[in-house]
Amino acid sequence: MDQKLQMAGTQSQLEMGSLAVNESLHEFVDESLFSPESVIQKMQPGHISEYGSAPGGFQPGGSKMGKNVVYKSIKTGLVFLLSLLGIIPLAERLGYATEQLAMYTGPTVGGLLNATFGNATELIIAIYALRNGMIRVVQLSLLGSILSNMLLVLGCAFFCGGLVFYRKEQVFNKASATVNSGLLLMAVMGLLFPAVLHFTHTEVHYGKSELALSRFSSCIMLGVYAAYLFFQLNESKGSIHSSDESQHGENEDDHDETPEIGKWESVIWLLIMTAWISILSEYLVDAIEGTSRAWNIPISFIGVILLPIVGNAAEHAGAIMFAMKDKLDISLGVAIGSSTQISMFGIPFCVVVGWIMGKPMDLNFQLFETATLFITVIVVAFFLQEGSSNYFKGLMLILCYVIVAASFFVHEDLPPEDKSSTP
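By UniProt numbering, the letter at position 190 of the sequence shown is numbered 190, and the numbering carries on one by one without gaps.
What the hints contain is simulated information worked out from the structure, not anything from laboratory work. Each hint should be verified, as a subset may be incorrect.
[As the list claims (entries may be wrong)] Straight-line distance between alpha carbons at most 30 Å, and here's what the computed DSS-like set of lysine-lysine pairs gives:
hint : residue 1 : residue 2
1    : LYS359    : LYS174
2    : LYS393    : LYS325
3    : LYS263    : LYS325
4    : LYS393    : LYS168
5    : LYS168    : LYS325
6    : LYS174    : LYS75
[Unchecked claim] Derived CB-CB ranges, DEER-like:
hint : residue 1 : residue 2 : range
7    : VAL267    : PHE382    : 34 to 40 Å
8    : ALA294    : PHE374    : 47 to 53 Å
9    : GLY223    : ALA275    : 45 to 51 Å
It should be emphasised that the depicted structure is a prediction, and the values quoted were computed from it without experimental measurement. Glycine included, every Cβ here is placed at the ideal spot set by N, Cα and C.
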């Protein structure tokens with residue numbers, strides 16, 4: 001009897017439990033049928049935020065998220081395109097104002113001014129990125145500016161000038177090209193030693209020795225560049241008088257040699273164009289970064305190839321325009337002078353500014369990037385040793401840049417190592 005009573009009690013408990021389950025199930029179904037929002041509210045917020053939608057086919061905000069992604073992609077593309085189209089005419093006007101100013105100062109100072117105003121965009125972008133702690137972006141963009149000027153800008157100048165004057169061999173100042181090649185090799189040496197010191201693990205203090213060497217080398221490079229400017233300006237003073245006397249008879253009837261605007265008017269226009277290019281370049285950088293995240297473009301390819309092509313638009317337009325007017329000394333001063341200025345002034349300046357800001361900006365650009373720069377400097381120095389140019393040399397330089405671009409497209413930039421711990 002006791003066993004029967006226990007079995008009956010157990011069966012009644014099971015029936016009551018099943019009734020409770022059925023009631024809760026009916027309650028849940030009724031709630032989900034007539035008020036699905038209450039079901040979503042009972043879900044854990046982490047589930048929706050993690051997967052982007054609720055189970056059971058409910059997707060709160062899913063369509064809005066898709067529309068936002070499409071809208072941001074279209075907006076990024078429009079900002080990129082409009083900024084690029086806006087920089088092109090400004091770059092042409094910058095080259096025109098520099099050409100007008102070069103008629104008052106001479107080709108040496110004119111090329112130096114064009115290189116300075118052309119590199120202002122890269123330096124502004126580099127300091128902006130350095131302030132936000134994007135040290136690798138600073139390194140890649142400055143390296144890409146050097147490669148772009150030495151291969152693409154100089155190659156296009158040689159190529160276009162050679163096509164216009166295909167029956168004439170264009171010549172330039174061989175001594176000035178040799179001095180710039182030496183400075184570029186010195187810059188490569190300054191970048192090579194910290195990279196080799198790091199990757200051979202021969203530092204006395206891991207991480208600290210590399211940074212200290214970079215800062216010491218940067219101060220030396222800034223001093224050498226200041227001496228180079230003093231040498232160039234003094235040399236141009238002695239050569240202006242002799243060149244004016246020799247060119248007076250040749251260019252007497254050449255209307256292009258007559259300045260169209262005044263000296264200070266040219267300076268004002270240079271400042272205005274540089275300011276507008278810097279503003280548009282900042283929008284362009286933001287658009288390129290957004291595009292890279294959406295299209296999965298390697299950050300090394302963006303920093304070394306895409307960003308410098310846009311940033312060097314002023315030098316590109318100016319160097320081609322001067323070469324097509326048979327003013328290769330100014331074209332060389334723009335292309336090679338700009339590379340020298342970035343390598344001997346821009347990069348060390350960013351290291352010193354990072355030192356002041358407390359950012360560990362160093363000269364270790366990684367082995368792949370440093371080797372690419374070293375080979376590029378050797379190739380360009382070999383092309384400049386004769387003191388003449390033609391369209392075939394320009395074509396080879398352009399194709400060398402295509403090879404460099406393809407290399408960085410398949411190159412994966414390694415994440416920075418933690419230098420706080422020993423290897």
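We went through each hint and held it up to the structure:
Taking the CA atoms of LYS359 and LYS174, the gap is near 40 Å; set against the 30 Å cutoff, the hint is violated. This hinted pair checks out: LYS393 and LYS325 have alpha carbons roughly 18 Å apart, not beyond 30 Å. Distance hint between LYS263 and LYS325 is fulfilled; the C-alpha atoms sit about 21 Å from each other, no more than 30 Å. Among the hinted pairs, LYS393 with LYS168 is consistent with the structure: their alpha-carbon atoms are about 14 Å apart, no more than 30 Å.
Between LYS168 and LYS325, the direct Cα distance comes to roughly 13 Å. Compliance with the 30 Å bound is thereby established for this hinted pair. Our distance criterion of 30 Å between C-alpha atoms is broken by LYS174 and LYS75, whose separation comes to about 48 Å. At roughly 37 Å, the beta carbons of VAL267 and PHE382 sit within the given window of 34 to 40 Å. ALA294 and PHE374 have their C-beta atoms about 34 Å apart, which leaves the hinted 47 to 53 Å range violated.
Under the hint 45 to 51 Å, the C-beta atoms of GLY223 and ALA275, about 30 Å apart, miss the expected range.
Hints 1, 6, 8 and 9 from the list above are not met by this structure, while the remaining hints are.
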